[in-house]
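Residue numbers (the numbering used here), protein chains in the order written: chain D, 1 to 151; chain R, 1 to 151; chain A, 1 to 85; chain S, 1 to 85.
No lab work stands behind these hints: they were computed from the structure.
Remember, predicted model here, so these are calculated numbers, not experimental data.
It cannot be assumed that every hint is accurate.
[Stated by the list, open to error] Incomplete in silico selection of chain D near chain R, CB under 8 Å: (1) Asp9; (2) Ile16; (3) Ser20; (4) Ala24; (5) Ser31; (6) Phe32; (7) Ala39; (8) Gly40; (9) Ala62; (10) Leu86; (11) Pro88; (12) Gly89; (13) Pro129; (14) Ala145; (15) Ala146.
[Said to hold, decoys possible] Just so you have them, the derived chain S footprint on chain D, three or more residues with Cβ under 8 Å: (16) 68-82; (17) 98-106.
Built from N, CA and C at the ideal position, the CB exists for glycine as well.
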Amino acid sequence: MSVSVQREDFDAGAEIAALSAGNAGVGAVASFVGLVRDAGHDQRVEAMTLEHYPGMTERALAEIVVEAEGRWRLLGTRVIHRHGRLLPGERIVFVGVASAHRGDAFAACEFIMDYLKTRAPFWKREETPEGARWVDARESDDEAAARWNAN
Amino acid sequence: MSVSVQREDFDAGAEIAALSAGNAGVGAVASFVGLVRDAGHDQRVEAMTLEHYPGMTERALAEIVVEAEGRWRLLGTRVIHRHGRLLPGERIVFVGVASAHRGDAFAACEFIMDYLKTRAPFWKREETPEGARWVDARESDDEAAARWNAN
Amino acid sequence: MSELNILYFASLREALGCSGERLALPDGVRTVGALREHLAARGEGWAALGAGRNVRAALDQRMVGPDAPLAGGEEVAFFPPVTGG
Amino acid sequence: MSELNILYFASLREALGCSGERLALPDGVRTVGALREHLAARGEGWAALGAGRNVRAALDQRMVGPDAPLAGGEEVAFFPPVTGG
Chain D
1 MSVSVQREDF DAGAEIAALS AGNAGVGAVA SFVGLVRDAG HDQRVEAMTL EHYPGMTERA
61 LAEIVVEAEG RWRLLGTRVI HRHGRLLPGE RIVFVGVASA HRGDAFAACE FIMDYLKTRA
121 PFWKREETPE GARWVDARES DDEAAARWNA N
Chain R
1 MSVSVQREDF DAGAEIAALS AGNAGVGAVA SFVGLVRDAG HDQRVEAMTL EHYPGMTERA
61 LAEIVVEAEG RWRLLGTRVI HRHGRLLPGE RIVFVGVASA HRGDAFAACE FIMDYLKTRA
121 PFWKREETPE GARWVDARES DDEAAARWNA N
Chain A
1 MSELNILYFA SLREALGCSG ERLALPDGVR TVGALREHLA ARGEGWAALG AGRNVRAALD
61 QRMVGPDAPL AGGEEVAFFP PVTGG
Chain S
1 MSELNILYFA SLREALGCSG ERLALPDGVR TVGALREHLA ARGEGWAALG AGRNVRAALD
61 QRMVGPDAPL AGGEEVAFFP PVTGG
């Protein structure tokens with residue numbers, strides 16, 4: 001398991017390659033890249049600033065990964081979340097999961113993203129032509145996270 | 001949509017970047033990389049040869065992508081499947097899906113892999129210390145594909 | 001009437017010792033399933049196409065069931081369940 | 001008794017005009033929820049911590065509910081629902 005909270009961009013291809021490097025038992029790497037969109041719910045977004053809670057962010061992400069490792073048979077996990085000011089099209093988050101089989105890799109990758117969205121202390125502030133505003137949390141994110149409890 | 005069937009390796013990072021390049025409406029790219037494992041059901045695998053049905057492979061993959069595009073709101077899809085002889089640790093398949101939101105991207109990416117596993121005409125022949133053998137189809141792959149009909 | 005272009009893949013190709021053939025639509029054969037029965041009836045290795053075997057078919061590069069109709073001139077492929085990905 | 005280290009984030013930090021403070025555990029405050037009520041009672045901008053507001057809390061960097069106990073010396077953070085990822 002490896003978790004990073006950083007200002008810098010990341011190289012998704014290198015991260016995916018690292019998840020299987022040296023372990024030919026890995027048959028599947030599922031991954032996710034989240035990016036800054038140029039549109040919020042109704043307005044153009046010119047930039048976004050991600051605030052976070054240093055210390056807790058790393059801890060929260062690590063706990064989410066540990067929970068995923070308890071639920072599925074995983075051979076590697078990697079989470080990178082950026083903070084600071086980002087422009088539309090820039091990468092925000094990477095989640096990669098390696099496993100022997102694709103079912104475990106897909107499920108764990110989506111689980112980590114769903115939990116990250118509701119449990120990791122990051123907050124987005126969008127800059128729009130009408131000024132800056134904090135992004136509201138989405139109910140759909142709570143619902144996405146809650147469905148993992150039903151299993 | 002872009003589908004390739006090729007002998008050559010691919011660059012997952014470049015493919016992921018291309019799926020959002022020039023479209024800042026993309027907020028999510030889910031992707032999958034499948035690799036040759038060094039173990040089959042019971043034996044060590046020294047190499048694997050992927051046979052395919054030229055012409056039908058491209059058509060079958062394209063039809064799977066079209067079906068995914070009808071089910072979810074997608075902003076880009078990319079499928080690459082290699083053929084020929086591959087060693088453990090080598091990449092076999094890439095599926096990448098871009099969307100505004102992660103739910104669509106994850107679902108479509110997993111759907112494409114599940115359908116590919118049961119509908120795209122590729123066959124694996126493993127080389128083991130006891131000789132070469134054709135890999136048997138897995139019932140779990142049929143079940144994985146069938147669950148998309150229930151929705 | 002144009003000939004069928006018949007293709008065999010993977011373990012089936014090996015069992016038959018043949019990757020394909022061109023064949024005039026046999027008398028009485030009107031479906032992919034009937035073609036398969038016709039071929040299996042050749043005996044010996046062709047039993048690999050027999051009723052009990054797990055064989056899939058494609059007609060003009062699309063997966064089909066045994067009822068898919070044949071008129072002659074089509075590309076028909078027989079193969080085991082796929083195992084790519 | 002050690003002081004609490006209280007932190008505020010994002011829109012709540014802006015509403016309060018304050019990113020954090022050190023505070024001795026107030027008399028009668030034994031839980032995170034009671035601390036929140038105590039702070040909201042300061043009036044004016046502190047109403048942003050009031051009962052009707054969607055505020056989450058973390059105790060020593062773990063998300064907790066209002067019943068989480070306080071003894072003094074902890075790090076307590078208040079913030080709006082998270083929106084990362």
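Can you list which hints this structure breaks, lowest number first?
The structure breaks hints 1, 8, 9, 10, 13, 14, 15, 16, 17; every other hint is satisfied.
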